[in-house]
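Novice: Next come the chains, spelled out residue by residue.
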Amino acid sequence: MELDGAEKRIQALFSELALEDRTHLPRFEKLCTETTNPAPLFRRAWAVTAAVVVIAAASSFALWSRQFQTVLNIAPLEIPAPASPQLASIVEPPRSQQPHRKRTIRQRSVLSEAALLSRWQSPTQNFMQSPSSVSFNSLPQLNQSAKDLESFLPKKESNQ
Amino acid sequence: MEISKLKTELEKLHPASFGWALSCCGRNRADAEEVLQTVYLKILQGKAIYRGESKLQTWLFAVIRKTAINERRKQWLRTLISIPGKTSDVHNELESEFERSEMQQRFQQALAQLPARQRETLHLVFYQDLSLSEAAEVMNISLGSARRHYERGKKHLRATLDREGVEYGIGWSRKENSSAVL
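So the sequence lines, in the order shown, correspond to chains A and B. According to numbering that gives the first Met the number 0, the residues represented by the first sequence are 0 to 159, in order. According to numbering that gives the first Met the number 0, the residues represented by the second sequence are 0 to 181, in order.
For the record, the hints were derived by calculation from the structure and aren't laboratory data. Since the model is a prediction, treat every value here as computed from it, not as a measurement. Errors might be hidden in some of the hints.
What the hints assert, rightly or not - Okay, derived cross-link-like pairs now, DSBU-like style, lysine-lysine, Cα gap no bigger than 35 Å in a straight line: (1) A:Lys7 <-> B:Lys46; (2) B:Lys11 <-> B:Lys54; (3) B:Lys73 <-> A:Lys29; (4) B:Lys11 <-> B:Lys41; (5) B:Lys6 <-> B:Lys73; (6) B:Lys154 <-> B:Lys46; (7) B:Lys154 <-> A:Lys29; (8) B:Lys73 <-> B:Lys46; (9) B:Lys65 <-> B:Lys154; (10) B:Lys65 <-> B:Lys4; (11) B:Lys11 <-> B:Lys153; (12) A:Lys29 <-> B:Lys65; (13) B:Lys154 <-> A:Lys7; (14) B:Lys6 <-> B:Lys46; (15) B:Lys46 <-> A:Lys29; (16) A:Lys7 <-> B:Lys153; (17) B:Lys11 <-> B:Lys154; (18) A:Lys7 <-> B:Lys65; (19) B:Lys41 <-> B:Lys6; (20) B:Lys153 <-> B:Lys73; (21) B:Lys65 <-> B:Lys46; (22) B:Lys54 <-> B:Lys153; (23) B:Lys65 <-> B:Lys41; (24) A:Lys29 <-> B:Lys41; (25) B:Lys54 <-> A:Lys29; (26) B:Lys4 <-> B:Lys41; (27) B:Lys6 <-> A:Lys29; (28) A:Lys7 <-> B:Lys11; (29) B:Lys11 <-> A:Lys29.
Claimed, not checked - Which bits of chain B does chain A cover? Going by a derived footprint, with three or more residues having C-beta under 8 Å, they are: (30) 34–42; (31) 59–67.
Here a beta-carbon is modelled for each residue, glycine too, at the ideal position from N, C-alpha and C.
Can you build the whole structure from these sequences, using the hints too?
Specialist: Here you go:
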């Protein structure tokens, strides 16, 4: 296909542009050898940013987990000492009762678990208590209040 | 293809590749060099593999174009996080602007005004002497689209040049690209 005048003109301008580009052409070896150089600024900046984000995330996680542990330790569980003499006798069996030793140990663990469970308190128990809880939990004394009412009410006139 | 042979081929195509990289990077020389360097790295490290399905030049130009688009995206991110740019390059660009002939400047301004696809098609056809089908392959578009971009780009450029009063270039000595339009 033949090029018309305008196309020739455009091609001439592109040819001139190509000639100009040739004058600024970087050496091929330079570009090939520089490929082994360290990463450019932008990549390094990204690497630094990523590292900072990872460190921040790790430290915040560590802080959070520590706080979580302290929350869990609000009501530490303690193994109670045997309260009754019966329990004590179970806890410290005589050496002569060797066949019952295993069973005794199991019973002791069961008892200690039961004691723990009976002493357990919810960590949010304090939130349930209020100053007005006394009046809610007690019954009013009806006779007494009736007498009080009588004293306050006007006396009935017997004639009417 | 072996690495040594590939390197020789790349060296042969180096001037054309640089011209194409310049076009993809909005005539910014520093960016074009960076893109070309990244492309060579990709090829020599085996990240971009030439499978011989098309001409080496077509494949290489497609890799350059894709890399340039990625670099442009990165540059946009760079401006977002405001990493300081290269001031010396700006100075160099200004110097080269001064050296350039007035006619060439007008021509490049007219080129810059064109939409990217039209500019790329014209560059591949007129600068790189590629056929329209090869240009379409580089740009990953259909032949019909490439032809449309070519015609529209030519029309726009002609109108702009006529308006600006740009005459024939002094370096008009190349062979005509008779196989441009298939």
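Novice: So, for every hint listed, does it hold in this structure?
Specialist: Cross-check of the supplied hints:
{"no.": "1", "hint": "A:Lys7 <-> B:Lys46", "result": "violated (40 Å)"}
{"no.": "2", "hint": "B:Lys11 <-> B:Lys54", "result": "holds (14 Å)"}
{"no.": "3", "hint": "B:Lys73 <-> A:Lys29", "result": "holds (23 Å)"}
{"no.": "4", "hint": "B:Lys11 <-> B:Lys41", "result": "holds (18 Å)"}
{"no.": "5", "hint": "B:Lys6 <-> B:Lys73", "result": "holds (27 Å)"}
{"no.": "6", "hint": "B:Lys154 <-> B:Lys46", "result": "violated (39 Å)"}
{"no.": "7", "hint": "B:Lys154 <-> A:Lys29", "result": "violated (39 Å)"}
{"no.": "8", "hint": "B:Lys73 <-> B:Lys46", "result": "holds (19 Å)"}
{"no.": "9", "hint": "B:Lys65 <-> B:Lys154", "result": "holds (27 Å)"}
{"no.": "10", "hint": "B:Lys65 <-> B:Lys4", "result": "holds (23 Å)"}
{"no.": "11", "hint": "B:Lys11 <-> B:Lys153", "result": "holds (29 Å)"}
{"no.": "12", "hint": "A:Lys29 <-> B:Lys65", "result": "holds (22 Å)"}
{"no.": "13", "hint": "B:Lys154 <-> A:Lys7", "result": "holds (13 Å)"}
{"no.": "14", "hint": "B:Lys6 <-> B:Lys46", "result": "holds (15 Å)"}
{"no.": "15", "hint": "B:Lys46 <-> A:Lys29", "result": "holds (20 Å)"}
{"no.": "16", "hint": "A:Lys7 <-> B:Lys153", "result": "holds (11 Å)"}
{"no.": "17", "hint": "B:Lys11 <-> B:Lys154", "result": "holds (33 Å)"}
{"no.": "18", "hint": "A:Lys7 <-> B:Lys65", "result": "holds (30 Å)"}
{"no.": "19", "hint": "B:Lys41 <-> B:Lys6", "result": "holds (12 Å)"}
{"no.": "20", "hint": "B:Lys153 <-> B:Lys73", "result": "holds (31 Å)"}
{"no.": "21", "hint": "B:Lys65 <-> B:Lys46", "result": "holds (13 Å)"}
{"no.": "22", "hint": "B:Lys54 <-> B:Lys153", "result": "holds (26 Å)"}
{"no.": "23", "hint": "B:Lys65 <-> B:Lys41", "result": "holds (12 Å)"}
{"no.": "24", "hint": "A:Lys29 <-> B:Lys41", "result": "holds (16 Å)"}
{"no.": "25", "hint": "B:Lys54 <-> A:Lys29", "result": "holds (25 Å)"}
{"no.": "26", "hint": "B:Lys4 <-> B:Lys41", "result": "holds (16 Å)"}
{"no.": "27", "hint": "B:Lys6 <-> A:Lys29", "result": "holds (13 Å)"}
{"no.": "28", "hint": "A:Lys7 <-> B:Lys11", "result": "holds (26 Å)"}
{"no.": "29", "hint": "B:Lys11 <-> A:Lys29", "result": "holds (15 Å)"}
{"no.": "30", "hint": "34–42", "result": "holds (count 4)"}
{"no.": "31", "hint": "59–67", "result": "violated (count 0)"}
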